[in-house]
Structure formats: structure tokens, C-alpha cells
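Asks: This is what each chain is made of:
Protein chains: 2
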Amino acid sequence: MKGSLTIVGLGPGAPELITPAVTDALKDSTDIVGYSKYIERVKDASGKSFHPSDNREEIDRAELSINLALQGKKVVVVSSGDPGVFAMASAIFEVVDKKNISIDDLSIVVLPGITALLAASARLGAPIGHDFCVINLSDNLKSWDILKSRVIAAAKADFVIAFYNPRSKSRKNQLSEIYNVLRKNCKSDRIVIYANSISTESEAVFETTLSEADASSVSMKTLVIIGSSRTKKIRNTGYIYTPRYSGVEKN
Amino acid sequence: MKGSLTIVGLGPGAPELITPAVTDALKDSTDIVGYSKYIERVKDASGKSFHPSDNREEIDRAELSINLALQGKKVVVVSSGDPGVFAMASAIFEVVDKKNISIDDLSIVVLPGITALLAASARLGAPIGHDFCVINLSDNLKSWDILKSRVIAAAKADFVIAFYNPRSKSRKNQLSEIYNVLRKNCKSDRIVIYANSISTESEAVFETTLSEADASSVSMKTLVIIGSSRTKKIRNTGYIYTPRYSGVEKN
Numbered sequence: 647m648k649g650s651l652t653i654v655g656l657g658p659g660a661p662e663l664i665t666p667a668v669t670d671a672l673k674d675s676t677d678i679v680g681y682s683k684y685i686e687r688v689k690d691a692s693g694k695s696f697h698p699s700d701n702r703e704e705i706d707r708a709e710l711s712i713n714l715a716l717q718g719k720k721v722v723v724v725s726s727g728d729p730g731v732f733a734m735a736s737a738i739f740e741v742v743d744k745k746n747i748s749i750d751d752l753s754i755v756v757l758p759g760i761t762a763l764l765a766a767s768a769r770l771g772a773p774i775g776h777d778f779c780v781i782n783l784s785d786n787l788k789s790w791d792i793l794k795s796r797v798i799a800a801a802k803a804d805f806v807i808a809f810y811n812p813r814s815k816s817r818k819n820q821l822s823e824i825y826n827v828l829r830k831n832c833k834s835d836r837i838v839i840y841a842n843s844i845s846t847e848s849e850a851v852f853e854t855t856l857s858e859a860d861a862s863s864v865s866m867k868t869l870v871i872i873g874s875s876r877t878k879k880i881r882n883t884g885y886i887y888t889p890r891y892s893g894v895e896k897n
Numbered sequence: 647m648k649g650s651l652t653i654v655g656l657g658p659g660a661p662e663l664i665t666p667a668v669t670d671a672l673k674d675s676t677d678i679v680g681y682s683k684y685i686e687r688v689k690d691a692s693g694k695s696f697h698p699s700d701n702r703e704e705i706d707r708a709e710l711s712i713n714l715a716l717q718g719k720k721v722v723v724v725s726s727g728d729p730g731v732f733a734m735a736s737a738i739f740e741v742v743d744k745k746n747i748s749i750d751d752l753s754i755v756v757l758p759g760i761t762a763l764l765a766a767s768a769r770l771g772a773p774i775g776h777d778f779c780v781i782n783l784s785d786n787l788k789s790w791d792i793l794k795s796r797v798i799a800a801a802k803a804d805f806v807i808a809f810y811n812p813r814s815k816s817r818k819n820q821l822s823e824i825y826n827v828l829r830k831n832c833k834s835d836r837i838v839i840y841a842n843s844i845s846t847e848s849e850a851v852f853e854t855t856l857s858e859a860d861a862s863s864v865s866m867k868t869l870v871i872i873g874s875s876r877t878k879k880i881r882n883t884g885y886i887y888t889p890r891y892s893g894v895e896k897n
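Going down the list, the sequences are from chains A and B.
Okay, so the first sequence: first residue is 647 according to the working numbering, each after it adds one.
Okay, so the second sequence: first residue is 647 according to the working numbering, each after it adds one.
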């Protein structure tokens with residue numbers, strides 16, 4: 647029997663933010679692979695083989711899921727958020743590429759999910775109502791020079807900037823160094839938002855400014871959003887939004 | 647009775663990509679407001695008042711939905727994709743801001759959806775597996791100079807770049823001018839993807855390179871993705887992905 651590999655996004659946490667397409671794929675599966683914390687979220691599915699693993703073993707997990715599918719299993723790989731945004735999809739295609747796996751041997755489907763940035767944006771108002779960029783800070787293979795130049799370019803272009811995985815064990819001071827880079831390139835009143843575990847019981851949102859922002863209060867799971875020059879908070883309501891037009895830069 | 651205003655994302659088109667949270671909000675509503683094509687997608691809901699409008703009347707639609715909610719209606723505003731990504735959320739908060747509406751008068755909730763970029767990414771493989779930016783080309787209030795400098799910054803930073811609304815009635819040659827800007831700043835073999843109506847019956851994906859890319863074949867609804875220097879197509883499978891690491895730029 648030909649197996650299948652479906653890479654799915656479980657969204658930010660709340661069950662009502664999981665798409666029916668993902669729910670159906672989980673029901674149809676024989677084997678579910680993923681970081682143990684994400685496996686916990688689908689543990690009430692019965693009659694499945696669960697394959698939990700450590701968060702950092704992405705390539706091992708990709709190889710396991712491909713091997714199970716090649717053995718004829720109906721494998722679902724679970725990611726938090728969206729599988730294509732700094733999650734399992736890229737790791738799996740890296741392995742498919744390296745091992746020269748043919749489409750005739752293995753059918754792969756990716757099912758999108760609500761990534762953390764969309765969940766945070768909805769909770770806050772409309773902070774990404776205009777052009778934005780998304781940067782992963784967990785990547786140990788990205789040099790500080792590349793990261794710094796990317797952050798400067800994003801600031802000069804006046805993007806709203808979202809940082810995923812802002813705290814890395816190997817680079818504890820990275821985010822505060824990034825704040826220093828941003829302070830040289832943006833006005834100090836830029837809105838900075840920390841969004842944690844949106845749509846779950848431990849949801850927490852914290853708002854500050856670039857001049858006041860303290861990198862030590864973020865965790866690996868925090869999503870950090872830096873407003874553009876036009877991002878603003880609405881008086882009396884607390885909603886944060888970026889107007890659809892951009893006008894003239896006022897860095 | 648106090649009304650409510652819920653701004654929801656219907657995702658890219660397939661019903662199985664609409665979250666249960668959005669489905670529930672539609673069920674609970676009395677009034678549904680939106681661009682007529684999006685209203686069509688929820689027309690089988692019975693006992694609702696539908697308020698379809700033209701696509702470009704965003705501020706009128708925002709004012710209508712706020713007024714209905716202030717009258718005590720349970721209003722849902724429908725957007726395609728995600729409401730916070732170049733859709734209705736920002737327009738509504740602009741009106742809330744301008745009219746000084748207090749949170750005591752009106753409760754507003756935004757429910758996220760699968761935006762076109764996540765749907766296209768899933769269909770292609772993992773093209774946004776590394777840092778990316780998202781630019782709206784429909785905005786008539788953004789000057790060509792700002793747009794050009796933003797595109798140059800994005801290319802120099804080696805982001806994957808996604809363009810929403812790439813064709814504008816008022817600027818028919820804009821995208822081909824952007825390609826010329828990119829050709830000066832990137833290698834000519836950059837992967838360029840046109841993704842149309844992903845997850846619907848008229849879904850179509852077209853792949854080319856920056857040197858060959860022809861802007862005349864995109865429509866207003868096409869999502870255009872420009873790969874980073876590392877985005878690649880996997881031999882024998884057709885999947886497109888961007889590796890998770892970035893290494894050294896090779897513009």
C-alpha cells in the first residue's frame with residue numbers, strides 16, 4: 647500500500663482555530679509525528695501510533711515521518727501555527743531533496759494553519775494592516791552580520807517587523823542587540839508588542855515602546871512585533887493598527 | 647441590546663479551510679457585511695441580513711458595519727484570507743479611530759483566517775521556510791519612490807517577497823517596473839511564482855524565473871512570490887522550498 651505524508655498546522659492553540667481540513671487529516675491518519683508538546687494537543691485521537699520527539703530534532707523527525715510513509719503508513723506531521731512558517735514543512739522538504747525521493751514513491755500534502763502572527767494580529771486589532779516582514783531568530787546558521795543587515799533593511803523600508811523564536815539558548819543577548827540596531831534606525835516611540843500563547847489559557851500580551859523594550863522578558867515562544875512608523879494605538883480602546891496607506895516615511 | 651462586530655477571515659476559498667471559530671461567528675450573527683463575492687461564499691446561511699458591496703468601498707463598508715453594530719446588531723464582516731492582511735480589519739480600525747468610538751459602545755473581535763500566502767505556500771511546498779516579507783501593491787496612496795525603496799531593501803536583505811494585489815487599475819505597468827528593479831538587485835534565476843485562487847476550482851499555479859517573468863499575465867487576484875537567493879525546486883518532485891538556514895548571501 648502506498649503511504650502518505652501530510653504536514654499540518656494546528657494553529658496557535660485553541661481547538662476552534664484548527665481548520666476542518668487538518669481535523670480530517672488527523673482522523674484519517676495511522677501515525678502522528680511531532681514535537682511532544684504538539685502531540686499532546688491531538689492525544690485524544692484513538693487508534694493512532696504517536697511518535698513524539700524533542701523540539702530541536704527537526705531533521706530526525708522529518709526522516710522518521712518520511713520512512714513511515716514509505717512503509718505505507720498514513721502519516722501526519724503536526725506543527726504549531728502554520729507548518730510552512732519556521733516549522734516542519736521546510737525540514738521535510740530538505741530531507742526529500744537530499745535523499746532524492748521521487749513523487750512516485752511518496753505523496754506529500756501540506757495543510758496550512760493560523761500562524762502565530764495572524765493570531766496575534768487578530769487579538770491586537772490590525773497591526774499588519776500594511777507591508778510587513780517576518781524574521782526567525784532561532785536560526786543558528788544565520789550569521790549576526792546577515793541578521794543585522796536584514797533588520798536594518800526592514801527598518802529602513804518601514805516594514806512592520808515580526809520576530810519568531812526571539813530567544814535562543816546559544817544567543818541570549820541577540821534580541822537586545824537587535825533592539826540597539828533598531829534604535830539607531832527608527833524613532834524611539836515605535837510600538838513593540840510581546841504576544842504569548844495567543845488563544846490559550848496562558849495568553850498574555852504586553853505592549854511597550856522601542857526605547858523601553860526589555861528583551862529579557864521574552865521567552866522562546868514569544869512573538870515580538872515592532873510597529874512601522876505608522877502603527878498606532880487607538881485612544882480609549884486599546885486596539886493597535888497600521889493604516890492601509892503608507893505616505894511619507896517618518897523614521 | 648449591545649451589538650457586536652466580528653471581523654472574520656474566510657480563508658482562500660475551500661470550505662474546509664474556514665476555522666470553526668469563523669463558522670460559529672457566522673451562525674451567531676444577525677447581519678453579514680462584505681464585498682459581494684465574499685458574501686456569495688456564505689449565502690447559504692439562513693435568517694441573516696446580507697449587506698454586499700463593491701470591492702473598493704472599504705471605508706463605506708466599515709462605517710456600515712460599525713453603524714449596524716451600534717444599533718444592536720450582531721454584525722460579521724467577511725474578508726477573504728485573513729482580515730488583518732490587506733483586508734477589512736485595518737479599514738474598520740481606521741474608522742473606529744477617526745470617529746472616537748469607545749470600547750464601551752462597541753465590542754470588536756477579529757478572527758484570523760488562512761491568508762493567500764499561507765495557502766500558496768502549502769500548495770507549493772515550503773517557499774516561506776525562511777525570512778520573508780509581504781507587500782501590498784494595490785495601495786494608491788503609496789508613492790512609487792517608497793515602493794521602489796522597499797522592494798530594493800527587501801531584495802538586498804534576501805527576503806522571500808510576496809506581493810498581494812499585484813495589478814492595479816491605476817498603475818498597469820507597476821509590476822513590470824518592480825521586476826526591472828528586482829533584476830538590478832537579484833540574480834536572474836530567482837524563482838517567481840504566480841498563485842491564483844488556491845483551494846478553489848479555478849486554482850492555477852505558474853512558475854518562472856525573474857529573467858522570464860511576464861507581469862502581463864497576472865491579475866488583481868494573483869499572489870506573486872519571488873524566491874530568496876536560496877529558494878529552490880526539488881528535482882523530480884516539483885516542490886519548491888526555502889531551506890531554514892540562510893548562510894551567505896549569493897545575490
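Check before you lean on any hint, since a few could be wrong.
Identical copies look the same in the list; a pair holds intra-copy or inter-copy alike.
[Stated by the list, open to error] Listed next, the in silico BS3-like pairs over lysine-lysine satisfying Cα-Cα at most 25 angstroms (straight line):
# : residue 1 : residue 2
1 : K879      : K744
2 : K689      : K830
3 : K802      : K788
4 : K719      : K867
5 : K720      : K830
6 : K683      : K802
7 : K694      : K833
Bear in mind the hints are in silico, worked out from the structure with no lab data behind them.
Asks: Decide, hint by hint, whether the structure agrees.
Replies: Verification of the supplied hints:
Taking CA atoms no more than 25 angstroms apart as the test, K879 paired with K744 passes between copies only; the shortest distance there is 12 angstroms, against 47 angstroms inside one copy. Taking CA atoms no more than 25 angstroms apart as the test, K689 paired with K830 passes in neither setting, with 47 angstroms inside one copy and 51 angstroms between copies. Both within a single protomer and between protomers do K802 and K788 lie at most 25 angstroms apart by alpha-carbon distance, with minima of 21 angstroms and 15 angstroms respectively. Taking CA atoms no more than 25 angstroms apart as the test, K719 paired with K867 passes in neither setting, with 32 angstroms inside one copy and 38 angstroms between copies.
For the homomeric pair K720 and K830, neither the shortest alpha-carbon distance inside one copy (51 angstroms) nor that between copies (46 angstroms) is at most 25 angstroms. Taking CA atoms no more than 25 angstroms apart as the test, K683 paired with K802 passes in neither setting, with 38 angstroms inside one copy and 37 angstroms between copies. In this assembly of identical chains, K694 and K833 lie within 25 angstroms of each other by CA distance neither inside one copy nor across copies; the values are 53 angstroms within and 47 angstroms between.
When held up to the earlier numbered hints, the structure conflicts with 2, 4, 5, 6 and 7 and fits the remainder.
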